[in-house]
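Below, each chain spelled out in residue letters.
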Amino acid sequence: MSQDGPGRNQAGQDQAGIVIAGAGHAGGSVVAFLRQYGWKGRITLVGEEPLLPYQRPPLSKAWLKREATADNLALRPARFYEQQRIETRLGTRVTAIDRAAREVHLADGGTLPYDRLVLATGASPRRLGLPGAEMSGVLALRSAADADALAAVLEPGRRLAIIGGGYIGLEVAASARALGAEAVVIEREARVLARVAGTDLSAMIEARHRAEGVEVLLDAAVEGIEGEAGAAQAVRLRDGRRIACDAVLVGIGAMPNEALAVECGLEAGGGITVDLAARTSDPLIYAIGDCTRRPLPLYGREARLESVPNAIEQAKQAAADICGRPPPVPEVPWFWSDQYDLRLQIAGLAFDPAEAVLRGSPEDGSFAVFHLAADHRVLAVEAVNAPADFMAGRILVAKARQVAPGLLHDSAVPLKELAI
Amino acid sequence: MPQVTYIEHDGTEHRIALEAGKSVMQGAVDNAIPGIDADCGGECACATCHVYVDEAWLAQCGTPGEQEASMLSFAATAAPNSRLSCQITMSPALDGLIVRMPEAQH
Ligand SMILES: Cc1cc2nc3c(=O)[nH]c(=O)nc-3n(C[C@H](O)[C@H](O)[C@H](O)COP(=O)(O)OP(=O)(O)OC[C@H]3O[C@@H](n4cnc5c(N)ncnc54)[C@H](O)[C@@H]3O)c2cc1C
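As you go down the protein sequences, you meet chains H and F in turn.
So the first sequence is numbered by UniProt numbering: it starts at 1 and just counts up by one.
So the second sequence is numbered by UniProt numbering: it starts at 1 and just counts up by one.
Think of the hints as simulated: they come from the structure by calculation, not from any bench.
Do not rely on the hints blindly, as some may be mistaken.
[Claimed, not checked] No more than 35 Å apart at the CA atoms, straight line, and that leaves these computed lysine-lysine pairs for DSBU-like:
#, chain 1, residue 1, chain 2, residue 2
1, H, LYS399, H, LYS61
2, F, LYS22, H, LYS65
3, H, LYS416, H, LYS61
4, H, LYS416, F, LYS22
[Stated by the list, open to error] In silico negatives: residues of chain H with every beta carbon more than 10 Å from chain F:
#, residue
5, PRO57
6, LEU130
7, ARG191
8, ALA392
[What the hints assert, rightly or not] For each label pair, taking beta carbons as the anchor points, the in silico distance ranges come out as:
#, chain 1, residue 1, chain 2, residue 2, range
9, H, ARG66, F, GLY96, 28 to 36 Å
10, H, GLU155, F, LEU58, 42 to 50 Å
11, F, GLY65, H, GLY269, 43 to 51 Å
12, H, ARG210, F, HIS106, 35 to 43 Å
13, F, HIS106, H, ASP148, 28 to 36 Å
14, F, LEU58, H, GLY269, 17 to 25 Å
15, H, GLU189, F, GLY11, 49 to 57 Å
16, F, ILE16, H, GLY365, 51 to 59 Å
17, F, SER91, H, GLY240, 57 to 65 Å
Think of the CB as a built atom: it goes at the ideal place given N, C-alpha and C, for glycine as much as any other residue.
With the hints as extra help, turn the sequences into a complete structure.
Rendered as structure tokens:
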């Protein structure tokens, strides 16, 4: 849109302005960037949850361990939305998009007209489509309400069965141990973090969880949940084993909330299709965050990313495009996770890696794994308690640097010189 | 309440009151002050809340921890008075603090 598009220079409330569907990390960020980049018109943030935008990362970490307050969780205080004249419609969902009329329908019966619409609907936990999955005590973790339900069962002496050894499952296992509860991780693949990490990192993380008293079951296929009077009491594996527990956390990934987009004919499938300005196939509609499938210019392909940095990057892309600013420089995808005293920081994506180079020593609890392409281009870095290696790796990935494996492996070679 | 002044790269000043216990990063985010990105929400994981602490306030702000120092050493625009603002906690002793923002965080 040009500099003098609607809302750019007028403070008028008579126009439709921008409507955001979804008040999570991406939705909460885009409203702030819109104001920062100079959008003066109306902004309406519609969210299904009853809360103002909040951070999800602590839900499996500090919040679960009761180390964070609601204040810490909120992205911004309530007065921010007043001061920035951002109208919020919480506790109601957008049920349909009428592209011809340029309006959205709300579950509370209302409609909202829009000049530009931003879809920031996030993702929903994948359901366990197995017998017993509907029993009480079978939990998922996405929202603050989910985290409160989970926290209620994490007490000393109680046992939590966690289906899925991904980041959320493992973070919850670590938090459960911190609270004195027992945890069993049930993973279908031969290693934890199988879809998202290299084998060295998986092995190190698995060993640490075992050392902390977490039971880790690998190659374990779940047959169903068993219980009494509708309450879960055990996970039944296909090999016949019965894992007794007081509650079950299902952490088997998330599905993009793209139904709204699909139903109104936007291009989608495994995420709403967007370009590097977060535009969908309708020039008036943008999509950002976990609900999107986006280009990855560094890797020449598309993927759906589920991370806070991605939500923020795409929020900037959409806000910049709406306000007629140049698009932000594409960033290296990155992610972090905290388990026990381990800080994992991962930058880049290891598509078709040819070689993994270890730097530092897993035994000392501080190391990094660099994933290289056949031509030694650095594709990704996985750092554990090694922030300098993470920062260096992020720069090497951004610059598509080719580095001899021997240099990366040798802790005596400062990475700073290779990176900068 | 203690006051902090944020000075953008272009010289624009923002003076706010910041409750003791909150981080200098959160103060910027809560008050829509541009120039501090804080992608990780204050976990010292991303180095996108980099600021230069006014020399007069350096000592009161303490020294960066190990994690922070390593992250900062890779920020392209780091200087001896660089800090990650998520790691500076507001206190009455910091009343009047002045921080400046780099041109970009990324
Ligand atoms: C437990 C947990 C731990 C995590 N830890 C990390 C971490 O350590 N690091 C990291 O980078 N990322 C982490 N993530 C991922 C990160 O939180 C997400 O990538 C991020 O929240 C995505 O933001 P979003 O706005 O796209 O989606 P969300 O934050 O999920 O927000 C979407 C919002 O839209 C609402 N909504 C959906 N449909 C509608 C509709 N039709 N109308 C109105 N509202 C609607 C939803 O209710 C939700 O509130 C974690 C996620 C979870 C669940």
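Hints and how they fare:
With a CA separation close to 33 Å, the supplied pair LYS399/H and LYS61/H stays within the 35 Å bound. For the given pair, LYS22/F sits about 20 Å from LYS65/H by alpha-carbon distance, which is consistent with the 35 Å threshold. A C-alpha spacing of about 31 Å is found between LYS416/H and LYS61/H, which places the hinted pair at or below 35 Å, so the restraint holds. Under the criterion of a C-alpha separation no larger than 35 Å, the hint pairing LYS416/H with LYS22/F is consistent with the structure, at around 32 Å.
Against chain F, the non-interface label of PRO57/H is violated: not every CB pair exceeds 10 Å, the least being about 7 Å. Look at LEU130/H: its CB is around 35 Å from the nearest CB on chain F, clear of 10 Å, so calling it non-interface holds up. Annotated as non-interface, ARG191/H keeps its C-beta farther than 10 Å from every C-beta of chain F; the closest such distance is 24 Å. Listed as a non-interface residue, ALA392/H fails to keep its Cβ farther than 10 Å from every Cβ of chain F; the least gap is roughly 6 Å.
The hinted window of 28 to 36 Å between ARG66/H and GLY96/F holds, with their beta carbons roughly 35 Å apart. Under the hint 42 to 50 Å, the C-beta atoms of GLU155/H and LEU58/F, about 46 Å apart, fit the expected range. With their beta carbons about 45 Å apart, GLY65/F and GLY269/H fall inside the hinted range of 43 to 51 Å. For the pair ARG210/H and HIS106/F, the supplied restraint of 35 to 43 Å holds, since their beta-carbon distance comes to about 38 Å.
In this structure the supplied range 28 to 36 Å holds for HIS106/F paired with ASP148/H, their Cβ-Cβ distance being about 35 Å. For LEU58/F and GLY269/H, the hinted distance range of 17 to 25 Å is not satisfied, since their beta carbons lie about 53 Å from each other. For the pair GLU189/H and GLY11/F, the beta carbons lie near 54 Å from each other, so the given range of 49 to 57 Å is met. Between ILE16/F and GLY365/H the C-beta distance comes to about 39 Å, which lies outside the given range of 51 to 59 Å.
Separation of SER91/F from GLY240/H is about 60 Å and conforms to the stated range, judged on CB atoms against 57 to 65 Å.
In the structure shown, a violation is registered for the earlier hints numbered 5, 8, 14 and 16, in ascending order.
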